[in-house]
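Given these sequences and hints, build the entire structure.
Under full-length UniProt numbering, the first residue of the sequence shown carries the number 1, and numbering increases by one thereafter.
Just so you know, the hints here were simulated from the structure itself, not pulled from any lab data. Since no wrong hints were added, every one of them can be taken at face value.
DEER-style ranges, computed between Cβ atoms:
1) 232 to 196: 35 to 45 Å
2) 106 to 172: 39 to 49 Å
3) 257 to 187: 21 to 31 Å
A virtual CB, placed ideally from N, CA and C, is assigned to each residue, including glycine.
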Amino acid sequence: MPDTLREHDTAYAWLPAGFEVHTATTNGTRLSAAVGGHGPTMVLLHGWPQTGRAWARVMPALAEHHTLVVPDLRGTGASDRPADGYAKRDQVEDVRGLLAALGRTGPVVVVGHDIGSMIAFAWAVHRPEDLAAVVLLDAYQPGVDLEQSMNVVTGGSWHFGFFMAPGIPEMLFAGHEQEFVETTFTALSASPTFTEEELAYYAHAYSGPDRLRGGFGHYRTLLDDGRENRAALESHRITVPILSVGGRNSVGDQTTEALRPHADNLTGLVAPTGHFVAEEAPDWLVRTVRTYLHDLGTVGTA
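And the structure:
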């Protein structure tokens with residue numbers, strides 16, 4: 001059985017009412033997760049540089065019809081920060097073990113953003129039997145369109161390769177976490193979204209050598225993640241229902257179009273946001289997820 005922490009734990013001062021924090025050892029590491037709500041299981045997987053707090057604005061509403069499991073991913077927040085194990089398939093096993101420890105069985109809905117979206121996608125590719133549906137929020141997918149987006153020769157983003165370089169980003173970011181968080185969150189949001197307190201929280205969450213190493217660990221497996229996904233997609237298509245959402249000022253419909261040759265049941269939408277869909281348009285996201293699951297006939301969406 002997982003351990004239960006008190007809601008007043010300082011790492012979870014942001015926690016909405018009605019949620020508890022659990023920890024469980026899974027797949028060789030210890031994960032921390034907020035759990036609350038009623039109904040079938042919905043897993044919310046955050047991105048980088050964030051923690052489970054990324055979902056705070058949508059958790060109360062989504063918990064009305066689902067039991068939410070909201071982990072801090074391996075290497076982030078209140079979870080352990082090991083040196084390895086950041087491949088997306090490995091992190092699928094992290095979360096599967098967490099669900100088992102919590103006694104959450106049956107097909108689950110997984111909603112992922114950024115790095116969390118890549119884990120959700122790997123789940124759909126490699127472990128589809130676990131899933132009722134997957135919602136992918138504003139992320140290029142390894143093995144589908146990520147490699148193109150990270151190729152600087154053709155205009156892709158430089159930050160992927162920089163974050164992959166062993167030890168270099170840790171050295172340069174140390175002592176500048178607040179400046180980085182403020183710059184990044186502002187640049188990737190379509191409109192002012194984050195409070196000063198939220199920015200300070202995330203800067204602290206990624207301050208220190210092991211926290212930085214854990215964060216960049218998610219990037220250092222991306223090429224291997226892509227190879228694993230491509231190999232699997234050569235032998236089978238994705239049958240899990242997928243809702244692919246890109247921010248209007250960010251990914252847009254690029255990932256949706258790249259997924260079409262691989263997915264049997266794909267719906268694509270463009271959100272009225274930049275990168276941070278859950279924070280920039282929480283009401284829109286809640287309505288969108290509820291409507292999508294209702295239209296699928298998924299239980300727990302009335």
